[in-house]
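Student: Protein sequence lines, in the order shown, are assigned to chains X and G. Residue 163 in the numbering used here sits at position 163 of the first sequence, and the numbers go up by one each step. Just add 1000 to wherever you are in the second sequence, counting from 1, and you've got the numbering used here.
These are calculated hints, taken from the structure and not from any lab test. Heads up, some of the hints might be wrong.
What the hints assert, rightly or not - With a Cα cut of at most 27 Å, we get these calculated DSSO-like pairs of lysine-lysine: (1) X:Lys65 with G:Lys1031; (2) X:Lys210 with G:Lys1078; (3) X:Lys184 with G:Lys1637; (4) X:Lys141 with G:Lys1011; (5) G:Lys1399 with G:Lys1387; (6) X:Lys88 with G:Lys1399; (7) G:Lys1637 with X:Lys185; (8) G:Lys1399 with X:Lys185; (9) X:Lys141 with G:Lys1066; (10) X:Lys69 with G:Lys1031; (11) X:Lys184 with G:Lys1583; (12) G:Lys1531 with G:Lys1009; (13) X:Lys88 with G:Lys1583; (14) X:Lys210 with G:Lys1009; (15) G:Lys1031 with G:Lys1009; (16) X:Lys184 with G:Lys1016; (17) G:Lys1015 with X:Lys185; (18) G:Lys1399 with X:Lys141; (19) G:Lys1536 with G:Lys1499; (20) G:Lys1016 with X:Lys210; (21) G:Lys1273 with X:Lys210; (22) X:Lys184 with G:Lys1580; (23) X:Lys88 with G:Lys1016; (24) G:Lys1499 with X:Lys185; (25) G:Lys1009 with G:Lys1144; (26) X:Lys141 with G:Lys1016; (27) G:Lys1399 with X:Lys184.
Fair warning: this is a prediction, and the values are worked out from it, not measured in the lab.
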Amino acid sequence: MSNRGKQDSPPGSGINRRKFLKGIGTGLVGSATLSQGILPEDALGQTPKASARSSDIELAVVRLKINGKTHTVEVEPRAVLLDVLREKLQFTGAKKVCDLGECGACTVILNGETVYACMMLAIDADGASIETVEGLGTPQKMHPIQQKFVEHDAYQCGFCTPGFEMSIKSLIDKHPDADLRTIKKSLAGNTCRCGAYPHIFQVALELTGKKGGM
Amino acid sequence: MAQWMPLEKRKYVGKKIPRTDGPAKVCGTAKYAYDIVLPGMLYGRILRSPHPHAYIKNVDLSAARKHPGVKAMIDLNKYTVRYQGDEIAAVAATSMDIAEEALRLIRVEYQRLPHVATEQDAMAENAPRVFERGNVAWDNAGDKETVEKILAASAHVVEDEMYTQVQVHNCLEPHGCVALWEGDDKLKVWISTQAVHGNRGDFASLFDIPEENVEIICEYMGGGFGSKFPIGVEGKVCARLARQAGRPVKLMLTRKGEYLAVGNRPSALMHLKLGCDSAGKITGMWQESHGTGGIGSGAGMPLPYVYHVPKGAYYKKHGSVRINAGSARPQRAPGHPQAEFGMDIIVDQLAYKAGIDPVEFRIINDPNETRKRQYKIGAERIGWEQKFNKVPGSAAGHKKRGVGLGVGRWGGGGARSTKVTVEIFPDGRVTATTGTQDLGSGVRTLIHQITADALGISMDWVTPRIGRSSYPPSTASSGSITTGSVTPAVKNTCDSAKKQLYEKVAAALGVSPDDLEGANGVIRARSDSGKSVKWKEACALLQGQQISVTDGWVEGLSSSGVAGVQFAEVEVDVETGRIKPVKVVAVQDFGLCINRITSLSQINGAIIMGLSWALSEDRTLDPNTGTMVNPNMENYKLAGTMEMPEFDIVIDEQPERGVIGLGEPPRVPTAGALANAVYNACGARVTRMPMTPDVVLAALKKGGAAR
Ligand code: FES
Ligand code: FES
């Protein structure tokens, strides 16, 4: 039940845009591509032609201000923000899980709003100020959100954790006194397969001062 | 026999200790396989069959090979594909996007074959065969006629059909790895795995190189739940692509690949009859059932589950059915949740029919003393007396509440082969090292706690090291045996290392080594408390020579066999059919609890996985096309924040039994407990999962609460 949340994100125009641009890259522009998805497993067994060769694609230069520091990076116009963060700049805190805006593991804060980094093109983030989990704190000097996660064991494998942290950061920045219901609603776009939800709620409740709210 | 440290020496063991690797996880510095980025690294992708069943007449890689950026390609040389998602070919390219493009340029000629995508279709006469040997393997027990006679003579008999659907593991970190060749015959692999040492052997035999030449690294991994034992096609292909390209390759599956090809929990359709005498004692059980694990086997379930059925009074006919779908793999307590769902519902029905309270009925028929006790604890915690509707569905209004319960059992145990190295350095630092893997269970933290307590020092001195095949061998994390394997070996090895240190200390203090004991960072003589040294000073006696001891598992610190019960309270809206889980109480035994908070996380997580399966998850195949209609996280519904009930976890500790694994047991009782609570709430028996509103409304139509 992953697609309900992200009340803080801008409306999801990203998906069409991204699919469209990816389509150009493969020469597969057309309604069939758009409606059937772009994952390789969807290949229909026919042979599409590459109309634009990857090597011909002109690279774009984007400037991303990540956790206060500006990074200038050359990307293909079709490159997705999450891939640029993770593979080019090695901000691997944000995770890739669904790559389709369904799980929240890639959540970062962009110009003050949470976004799914897998649903946005890097060129659309040009000039933006981005907060990732790496900017919250360090193991030696953890952010209060991080301290609470550790104290309450609000994870098991930890793969969903950075995404939840960023969602909670945005939540408490905007609703510093959120109650459990608001917390549940605003975290509904993040998925945890290990089932750490009860402890994650404790984290958020303590940060909003609603300790007894469970 | 070995023993755990006495209670007064447990400063960390048995306490609520935050995870050792917590800070790394919350700061994003924990590196999972997916996070590895190496210079010159390529990206691998797998081409999968879009068809459920086909001959492959030709695979033409030539166009893809010419695509700029493509550096390696593999044709897997398959003649037949047997499920949507079956692997056909793979590429490695300089970016993920280019690799995806290249897949689209591969021309595959298929000759479609008839498929079977449901158990019913597969069992039909003249059904298309998944494999030559036929689609169904039968497993029979007992004598049908005898059991039918017993049932006919019983005071009460109930009969129903229960169905549990296929559940996909959905580990958040996909399957896959990063492979790096260092020369022709040395391979390094960062992999998301439940079997660090097993994977070393897999790669070594694949390439026919010595095991020492393969290094497996898995410091962190994003969930396995039973699906990550073998290196898989993705592991093999990744290492082959890397070898071909002469460059490192990262190959992690797409989410769709995860849904199609790397395992699931088989379905189960259980037609059951159960009888009891007038006192409520079960007299006999009749079962005809089947289930499917796709092209794989393992669709059985351990019935009769938990409750005692007299010898000779059980009949079963079970079919393991093959269909054209991705193979099953072990999933968190394989078979047990299916068996629990069937058994706990039929038992519940029989209890109501016999006019005996469902809790009481279970106490009558469950031979396990631990659970007999747990039923009472659980009933008390959920408020059974007040909340149980003597007439199900009788509460006023359209949102009706009710309570129900379910049970579970599991094994556990430990692997004798487990080895650990403990090193004590002259500056006081200690390392405890073993090649296990932490799936999120917290074993890294347990090693840390135990080492500190066994040596009587602060955890600050200790560094636990896991997740590499170059470390001493540890078992695969299967069957909830990791804790039972690793922790006894750690304790024992610490004792051996301590002995060596105490010899030095004894000489310095002029006492016998046996006279020494350590606590709170001080080693002192029992006979003369004036004779003592601080830990740091004691280690300085090593004079530059560290102690390094490798030792193994010992008997006496672990056991197997655990019991648990869960009680659920739900609210059913009889107008919309929506089930709202209100509260789940779990009473769970797992011997000695090493860490009170990571254990809670495991139990919560197991319940949530059960709840999610019961209420919404469903691997849905279209029978006509044989393809999965919901291979994504939007339409494969995992329970999320909005579905969370209140949790009340009771750790039913039996410390004298030593440690027993906890990953699987609490996964078992949830679905049955919820279904029984739904009946108690609305008076309709929901016997099909997932218990979505349409299923609930259909059950209400058949019979249930008066509006
Ligand atoms: S990876 Fe971006 S939402 Fe799932
Ligand atoms: S902690 Fe594993 S997915 Fe959330």
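Student: Next, verify each hint and record whether it holds.
Tutor: For each hint, the structure was consulted:
{"no.": "1", "hint": "X:Lys65 with G:Lys1031", "result": "holds (23 Å)"}
{"no.": "2", "hint": "X:Lys210 with G:Lys1078", "result": "violated (59 Å)"}
{"no.": "3", "hint": "X:Lys184 with G:Lys1637", "result": "holds (17 Å)"}
{"no.": "4", "hint": "X:Lys141 with G:Lys1011", "result": "holds (26 Å)"}
{"no.": "5", "hint": "G:Lys1399 with G:Lys1387", "result": "holds (14 Å)"}
{"no.": "6", "hint": "X:Lys88 with G:Lys1399", "result": "violated (53 Å)"}
{"no.": "7", "hint": "G:Lys1637 with X:Lys185", "result": "holds (16 Å)"}
{"no.": "8", "hint": "G:Lys1399 with X:Lys185", "result": "holds (22 Å)"}
{"no.": "9", "hint": "X:Lys141 with G:Lys1066", "result": "violated (50 Å)"}
{"no.": "10", "hint": "X:Lys69 with G:Lys1031", "result": "holds (22 Å)"}
{"no.": "11", "hint": "X:Lys184 with G:Lys1583", "result": "holds (16 Å)"}
{"no.": "12", "hint": "G:Lys1531 with G:Lys1009", "result": "holds (19 Å)"}
{"no.": "13", "hint": "X:Lys88 with G:Lys1583", "result": "violated (45 Å)"}
{"no.": "14", "hint": "X:Lys210 with G:Lys1009", "result": "violated (37 Å)"}
{"no.": "15", "hint": "G:Lys1031 with G:Lys1009", "result": "violated (34 Å)"}
{"no.": "16", "hint": "X:Lys184 with G:Lys1016", "result": "holds (26 Å)"}
{"no.": "17", "hint": "G:Lys1015 with X:Lys185", "result": "violated (33 Å)"}
{"no.": "18", "hint": "G:Lys1399 with X:Lys141", "result": "violated (48 Å)"}
{"no.": "19", "hint": "G:Lys1536 with G:Lys1499", "result": "holds (16 Å)"}
{"no.": "20", "hint": "G:Lys1016 with X:Lys210", "result": "holds (22 Å)"}
{"no.": "21", "hint": "G:Lys1273 with X:Lys210", "result": "violated (50 Å)"}
{"no.": "22", "hint": "X:Lys184 with G:Lys1580", "result": "holds (15 Å)"}
{"no.": "23", "hint": "X:Lys88 with G:Lys1016", "result": "violated (39 Å)"}
{"no.": "24", "hint": "G:Lys1499 with X:Lys185", "result": "violated (56 Å)"}
{"no.": "25", "hint": "G:Lys1009 with G:Lys1144", "result": "violated (58 Å)"}
{"no.": "26", "hint": "X:Lys141 with G:Lys1016", "result": "holds (22 Å)"}
{"no.": "27", "hint": "G:Lys1399 with X:Lys184", "result": "holds (22 Å)"}
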